[in-house]
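In this text, residue positions in the sequence shown follow this note's numbering: the first is 3, and each later residue adds one.
It is possible that some hints are incorrect.
To be verified - The calculated label-pair distances, taken between Cβ atoms and stated as ranges, are:
1. LEU260 with PRO206: 23 to 31 Å
2. VAL261 with ARG233: 26 to 34 Å
3. LEU46 with ARG250: 38 to 46 Å
4. ASP435 with ARG238: 50 to 58 Å
5. ALA341 with HIS242: 21 to 29 Å
6. ILE202 with ARG233: 29 to 37 Å
7. ALA25 with TRP231: 27 to 35 Å
What the hints assert, rightly or not - Taking lysine to aspartate or glutamate pairs in the DMTMM-like style, the calculated list, with each CA pair at most 25 Å apart, reads:
8. LYS105 with ASP20
9. LYS105 with GLU245
10. LYS105 with ASP252
No wet-lab data here; the hints were simulated from the structure. Values in this document were obtained by computation on a predicted structure and should not be read as measured data. All C-beta atoms, glycine included, are put in the ideal place defined by N, C-alpha and C.
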Amino acid sequence: MPESRSASPAAPAARPRDLTHGAIAPTLFAFALPILGGNVMQSLNGSVNAVWIGRFLGEDALAAIANANNILFFLLGAVFGVGMAASILVAQAIGRSDLAGAKRVIGTSATFFLSASVLVALIGLPLSRHVLVWMGTPAGALPHAEAYLKLIFLAVPFLYAFAFLSAILRGAGDARTPFLFLLLVVALDIVMVPLLMLGIGPWPAMGMAGAAMASLIANALGLAALLGWLRHRRHRLWIHRNERNLYRPDWAIVRALLVKGVPMGLQMVMLSAAMIAMISMVNVHGVDTTAGYGAALQLWTYVQMPAMAIGAACSTMAAQNVGAGRWDRVSRIAGTAVAFNLLLTGGLITLLLLLDRAALSLFLGDASVALDTARHLNRIAIWSFLFFGVTFVLFGVVRSTGAVLAPLLILAGTLWGVRVPVATLLQPSLGIDAIWWSFPVSAFVAMLLAIAYYRWGGWRHAHMLDGEEREPVAIPAEVPGQPPSPVAELEPTDAAGDRSGPAPRPPLNPRGGAA
Numbered sequence: 003m004p005e006s007r008s009a010s011p012a013a014p015a016a017r018p019r020d021l022t023h024g025a026i027a028p029t030l031f032a033f034a035l036p037i038l039g040g041n042v043m044q045s046l047n048g049s050v051n052a053v054w055i056g057r058f059l060g061e062d063a064l065a066a067i068a069n070a071n072n073i074l075f076f077l078l079g080a081v082f083g084v085g086m087a088a089s090i091l092v093a094q095a096i097g098r099s100d101l102a103g104a105k106r107v108i109g110t111s112a113t114f115f116l117s118a119s120v121l122v123a124l125i126g127l128p129l130s131r132h133v134l135v136w137m138g139t140p141a142g143a144l145p146h147a148e149a150y151l152k153l154i155f156l157a158v159p160f161l162y163a164f165a166f167l168s169a170i171l172r173g174a175g176d177a178r179t180p181f182l183f184l185l186l187v188v189a190l191d192i193v194m195v196p197l198l199m200l201g202i203g204p205w206p207a208m209g210m211a212g213a214a215m216a217s218l219i220a221n222a223l224g225l226a227a228l229l230g231w232l233r234h235r236r237h238r239l240w241i242h243r244n245e246r247n248l249y250r251p252d253w254a255i256v257r258a259l260l261v262k263g264v265p266m267g268l269q270m271v272m273l274s275a276a277m278i279a280m281i282s283m284v285n286v287h288g289v290d291t292t293a294g295y296g297a298a299l300q301l302w303t304y305v306q307m308p309a310m311a312i313g314a315a316c317s318t319m320a321a322q323n324v325g326a327g328r329w330d331r332v333s334r335i336a337g338t339a340v341a342f343n344l345l346l347t348g349g350l351i352t353l354l355l356l357l358d359r360a361a362l363s364l365f366l367g368d369a370s371v372a373l374d375t376a377r378h379l380n381r382i383a384i385w386s387f388l389f390f391g392v393t394f395v396l397f398g399v400v401r402s403t404g405a406v407l408a409p410l411l412i413l414a415g416t417l418w419g420v421r422v423p424v425a426t427l428l429q430p431s432l433g434i435d436a437i438w439w440s441f442p443v444s445a446f447v448a449m450l451l452a453i454a455y456y457r458w459g460g461w462r463h464a465h466m467l468d469g470e471e472r473e474p475v476a477i478p479a480e481v482p483g484q485p486p487s488p489v490a491e492l493e494p495t496d497a498a499g500d501r502s503g504p505a506p507r508p509p510l511n512p513r514g515g516a517a
């Protein structure tokens, strides 16, 4: 029937999801689950690639991918903050029922990401070898790493665009759609890596370059499929032909993306730069130590996934509630997220310590001389991710308001004021163990500072946009026993999550005032 076809674009799956009502724990868990699933799939993809590379191309190639992936993490971290800023702006707009404001953010952000990705690709391609040499990449691993990294730079536009769309959809409360299309990307990558790397069937043997080419093709196809799906479903956030003017930069939004996004991005850049500094120290101790460290890194990507998923979920959830003025829920979101992190991350650490030989031998082989090194360093350093998880979750909440400088300073101080100095200055007395101990020591200090800032800092009064106004609110953490708002909790909703109660406040435009 014509009526049913015309109604299909408005199906609940295509609508931004309201995270400002309902029970917090199950809502947070349900929203975080697809994000965690996406993180698992990405890490599984990297691990499968590492198994192929380590088993068939040797330890030199495994050391190469450990070096090259640090640069890839740096490249993604460089725009992580802008993506987070855009996601928070969209989430706050959805929280205050301002769909037009959300689309203005998306149009400006899309233009920014496209320009940035092309610029990174053009600059990085000719500098690939120089960066790897500067990092001290072992000579045997250098040719593999260079071949891999050059193609990764070509893939950057697709990687950036896919990450941007995923962040925007999560900001609108939709974590399921990015997960489903990420499954497509991972499936394509896993299938194509052995074909292109080893030259199976009609495919030429490309070695390490084949792994990068598989990533490029998979992300390009996944991005095209996601864009096609959004257009086909007439998603409410899709920018139509008659709205193309939204791609023209709104400079108030650009300013927010840079002023708020750059400090958030610098957090990831500093983290990846510190990892590059650490692997440069490890490289000095030979390819076997680097291979052991690279295998441990593969496990650590899984250990940090629960915290990263919960942190991303509570950041979006908190941002929607900030936009709606639901401060009573923001503090409860933080407490629930920390509890989830301790439970999930602690359980995963315990499991991997019990099964460390079996897990690490997947990447190194049972007879590898690097296996004992990997087990030793893993037992020391893996605990850092329990502390890291608390820090990441609390940072996710505080940045939902636009408070970005304090987390940056805390991270910079603990990475470059604690981790790198401990790893460097204590090596004469502790040997290489100084590198491994620097991880839990710096992570513990960061956690203490993050807790202190969450409790006593001024993040609740921060703003994402210049001129943005909020109604004065009591800070729940400082007003014990404050009950939730009965009107907001009890107002009825329809099946799609839309409020049928009192009309919301007039939305704010990017320059302040009523839209």
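**Message:** Which constraints among the numbered hints does this structure fail? Numbers only, ascending.
**Reply:** 1 and 5
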